[in-house]
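Going left to right, the sequence shown walks through residues 0 to 128 as numbering that gives the first Met the number 0 numbers them.
By construction, these hints were calculated from the structure, which means they are not laboratory data.
Everything hinted at is true.
Calculated lysine to aspartate or glutamate pairs in the EDC-like style (CA-CA distance at most 20 Å, straight line):
{"id": "1", "residue 1": "K99", "residue 2": "D40"}
{"id": "2", "residue 1": "K99", "residue 2": "E70"}
{"id": "3", "residue 1": "K99", "residue 2": "D34"}
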Amino acid sequence: MKKTGILNRHLSGALAELGHGHGVLVCDAGMPIPDGPRVVDLAFRAGVPSFAEVLDGLLAELVVEGATAAEEVRTANPAATALLEGRFPDLAYVPHERLKEWSAGARLIVRTGEARPYANVLLRCGVFF
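Construct the complete structure from the given sequences, taking the supplied hints into account.
This is how it looks when you write it as structure tokens:
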């Protein structure tokens, strides 16, 4: 059994398959999940695990070269805005409808138990060299 890092075998395996430019959507429990991308649903109950916990765990495992969030997060969820802007100084914003459209092209969707609106971010994978 793994001693450190992500223990969820589905998530760990999905992360190992990601390459440069692949998209990873980290989303709240209310985000519509499109057909197509691989989905790892971590939601246990409302708020568990939190968006912040899942995002920080993923950032410890991934190289991220860009991130995009819904522009609505800035007014509807100041806590998520502060979290995202603290981790991604060059965070891009698009309308929520566009983020939902783009999520269909993600390689992986990780659903959290977050129960606050617009706690979603689309990550673009980079390379470690």
